[in-house]
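Novice: Residues per chain are reported as follows:
Number of protein chains: 2
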Amino acid sequence: MGNDNHPGEFDIIARYFAPLAAAELGGLGLSDDAAILKPPPGRELIVTTDTLSAGVHFPVDEDPADIAARLIGVNLSDLAAMGATPWVYTLALALADNTGEDFIKAFADGLARHQGTHAIHLIGGDTVATKGPLTLTLTAIGTVAEGQALRRSGAAAGDDIYVSGTIGDAALGLKVLNGELSGLTPPLGEHLLDRYHRPQPRVALGSRLYAVASAAIDISDGLVADLGHVATASGVVASIDINNVPLSEAAIAAVTLGPALKELAITGGDDYELLFTAPPSQAAAIERLSQELELELSRIGTIDEDTGHAGAVRVIDETGAKISLKNSGYRHF
Amino acid sequence: MGNDNHPGEFDIIARYFAPLAAAELGGLGLSDDAAILKPPPGRELIVTTDTLSAGVHFPVDEDPADIAARLIGVNLSDLAAMGATPWVYTLALALADNTGEDFIKAFADGLARHQGTHAIHLIGGDTVATKGPLTLTLTAIGTVAEGQALRRSGAAAGDDIYVSGTIGDAALGLKVLNGELSGLTPPLGEHLLDRYHRPQPRVALGSRLYAVASAAIDISDGLVADLGHVATASGVVASIDINNVPLSEAAIAAVTLGPALKELAITGGDDYELLFTAPPSQAAAIERLSQELELELSRIGTIDEDTGHAGAVRVIDETGAKISLKNSGYRHF
Chain A
0 MGNDNHPGEF DIIARYFAPL AAAELGGLGL SDDAAILKPP PGRELIVTTD TLSAGVHFPV
60 DEDPADIAAR LIGVNLSDLA AMGATPWVYT LALALADNTG EDFIKAFADG LARHQGTHAI
120 HLIGGDTVAT KGPLTLTLTA IGTVAEGQAL RRSGAAAGDD IYVSGTIGDA ALGLKVLNGE
180 LSGLTPPLGE HLLDRYHRPQ PRVALGSRLY AVASAAIDIS DGLVADLGHV ATASGVVASI
240 DINNVPLSEA AIAAVTLGPA LKELAITGGD DYELLFTAPP SQAAAIERLS QELELELSRI
300 GTIDEDTGHA GAVRVIDETG AKISLKNSGY RHF
Chain B
0 MGNDNHPGEF DIIARYFAPL AAAELGGLGL SDDAAILKPP PGRELIVTTD TLSAGVHFPV
60 DEDPADIAAR LIGVNLSDLA AMGATPWVYT LALALADNTG EDFIKAFADG LARHQGTHAI
120 HLIGGDTVAT KGPLTLTLTA IGTVAEGQAL RRSGAAAGDD IYVSGTIGDA ALGLKVLNGE
180 LSGLTPPLGE HLLDRYHRPQ PRVALGSRLY AVASAAIDIS DGLVADLGHV ATASGVVASI
240 DINNVPLSEA AIAAVTLGPA LKELAITGGD DYELLFTAPP SQAAAIERLS QELELELSRI
300 GTIDEDTGHA GAVRVIDETG AKISLKNSGY RHF
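Here the protein sequences line up with chains A and B, keeping their order.
Going by numbering that gives the first Met the number 0, 19 is the number at position 20 of the first sequence; the sequence numbering is gapless.
Going by numbering that gives the first Met the number 0, 317 is the number at position 318 of the second sequence; the sequence numbering is gapless.
Honestly, the hints are just simulated from the structure, not real lab data.
Treat the hints loosely; a few may be bogus.
Which copy is meant is left open, so a pair is good if it fits within one copy or across any two.
Below 25 Å or equal to it, Euclidean Cα-Cα: the simulated SDA-like pairs (lysine to any residue) are [what the hints assert, rightly or not]:
| hint | residue 1 | residue 2 |
| --- | --- | --- |
| 1 | K130 | A156 |
| 2 | K130 | T318 |
| 3 | K104 | L183 |
| 4 | K130 | T98 |
| 5 | K37 | S152 |
| 6 | K104 | A17 |
| 7 | K37 | N243 |
| 8 | K321 | D159 |
| 9 | K37 | A118 |
Bear in mind the structure is a predicted one, so any value in this text is a computation, not a measurement.
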């Protein structure tokens with residue numbers, strides 16, 4: 000693990016980050032130039048990198064443990080979308096002038112908690128100074144049985160479209176955070192805030208999806224945009240019924256207060272649920288998987304043949320009428 | 000490869016970065032959530048991550064192609080120090096408000112050149128906005144025959160200490176850049192500037208070192224500091240003769256102008272040469288390797304037993320007198 004030799008940075012690595020590498024011998028205690036990893040036999044590697052920068056991807060005053068949750072969450076969500084089991088990660092920290100040791104301690108404690116939850120280990124990285132805001136980059140490596148990685152490109156006409164959990168909570172949570180959504184009872188507001196601050200990557204689901212799914216993606220840009228990515232990669236079109244999109248109790252309350260928020264729920268980002276497609280013959284297996292994982296898996300629409308508009312996503316209401324969306328894309332925080 | 004959905008960022012990935020991933024199928028054209036890699040049989044993986052931030056690790060007005068050279072150089076230098084052959088990399092770009100498309104094009108062209116030189120390929124990454132200066136993180140993955148990774152910890156009493164190439168050019172080049180070193184002829188000044196701007200990772204040497212070396216590290220913090228890392232990891236002490244440290248013609252000219260610069264040469268960073276130790280029985284093999292690679296490999300000192308000061312580095316002059324250094328550490332740019 001490198002550093003800039005600023006006073007205390009060797010100490011910081013030794014004190015806060017080396018313990019996160021203790022259980023993976025290949026990390027060499029973060030004391031060498033690089034890590035040495037022996038790939039598990041019969042497995043392929045899945046590699047993903049995500050960067051979060053203060054003031055863009057999270058508020059500048061975000062709780063350090065929540066920044067750790069988000070950094071781990073967004074990366075493991077990408078692994079989950081490919082069907083991979085998390086293995087190891089590297090961490091690059093560009094520390095702002097005002098990033099103090101208290102922050103680093105709380106951040107490392109947060110990482111430690113998520114390492115435990117997901118059985119991953121730090122193996123290396125870099126700690127440097129930046130003249131700008133705190134910027135963090137995590138590269139996660141997972142493994143998947145050979146040939147069993149899930150892709151965005153496998154959706155076929157006739158497949159059903161599913162999502163895990165509930166949709167739109169994070170985007171609504173951001174509204175709560177910014178004071179743009181009031182009138183919810185405190186527990187419901189808290190639920191949405193929690194979903195925004197602490198994304199839960201669907202790792203257990205991802206590692207089980209290969210047996211049933213034809214394509215998968217994680218919902219980071221928003222349900223409609225990410226479904227569009229699957230449709231584009233697969234050369235198909237997709238239709239979803241907005242009333243089949245699963246909403247949490249808190250999201251239902253929010254939409255009751257402001258009906259326009261329903262569009263935000265299906266276009267807002269940062270949910271980190273999984274979206275996947277599967278042939279109808281898999282419906283019973285998916286229902287069993289849902290029960291086994293105690294995780295809601297909802298059928299929200301179908302994949303159709305490309306009729307000259309590959310990548311198109313049609314959103315319909317209960318009457319079958321097409322809903323026209325003001326924003327199908329998404330901007331973070 | 001992710002992005003922030005800012006206008007044009009999908010285009011930028013498609014136009015400038017997807018071509019860098021074209022030859023490695025596992026990168027999936029940067030179009031999926033993550034890359035899929037099949038590890039080569041019988042090889043271990045070497046993983047390293049380095050971050051560069053404008054205004055800290057390179058001047059804010061640095062040529063984009065030189066930033067690419069430095070980013071690739073510092074990471075592949077870590078792989079070389081472990082004896083690895085470069086394989087693939089991910090790239091995380093946190094773009095400043097004023098990072099324009101011209102910059103990105105020139106940066107990507109620079110990456111393409113180094114990919115060709117080192118036979119590496121982009122497989123994924125992230126492109127985001129930051130409210131601070133341009134900050135780049137590269138994670139490089141190399142491979143090495145099982146059990147043949149070089150470590151810092153293998154140096155033993157009686158071993159000789161070697162360095163590749165010439166030492167101190169980059170630190171002297173930074174002095175030239177900052178206008179703190181004048182009086183050199185233009186070609187000599189240019190040579191030092193080139194060594195600062197465009198580090199050459201010693202990849203070919205690194206992949207051949209396992210047969211001869213007992214320990215290795217790349218010189219990023221400075222010769223004395225990095226030798227100290229080897230001595231600490233190996234539980235030994237090290238002695239080098241300052242007159243055996245190989246200097247370029249330009250560095251000799253600089254030291255003639257300012258004799259105090261000799262200390263800078265052995266303590267300044269960013270050379271990205273390799274430092275390694277080897278038993279005396281390997282001297283002839285090292286000489287042959289030097290001829291074969293057409294790369295100077297200089298014996299500069301010896302490893303001694305720990306006499307209660309493990310990690311200590313002694314620098315002596317031609318009379319055997321100990322030279323006391325004002326700064327043995329190093330700060331970048």
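Novice: For every hint, state whether the structure bears it out.
Specialist: Hints, one by one, checked against the model:
1. K130 to A156: neither (51 Å within a copy, 43 Å between copies)
2. K130 to T318: Close neither inside one copy (55 Å) nor across copies (45 Å); limit 25 Å.
3. K104 to L183: For K104 and L183, neither the intra-copy (34 Å) nor the inter-copy (48 Å) Cα distance is at most 25 Å.
4. K130 to T98: both (11 Å within a copy, 16 Å between copies)
5. K37 to S152: Between. Shortest inter-copy distance 19 Å satisfies the 25 Å Cα cut-off; intra-copy 30 Å does not.
6. K104 to A17: Answer is within: at 12 Å inside a copy they meet the 25 Å cutoff, but 38 Å across does not.
7. K37 to N243: For K37 and N243, the Cα distance exceeds 25 Å both inside one copy (45 Å) and across copies (39 Å).
8. K321 to D159: Answer is within: at 19 Å inside a copy they meet the 25 Å cutoff, but 77 Å across does not.
9. K37 to A118: both (17 Å within a copy, 22 Å between copies)
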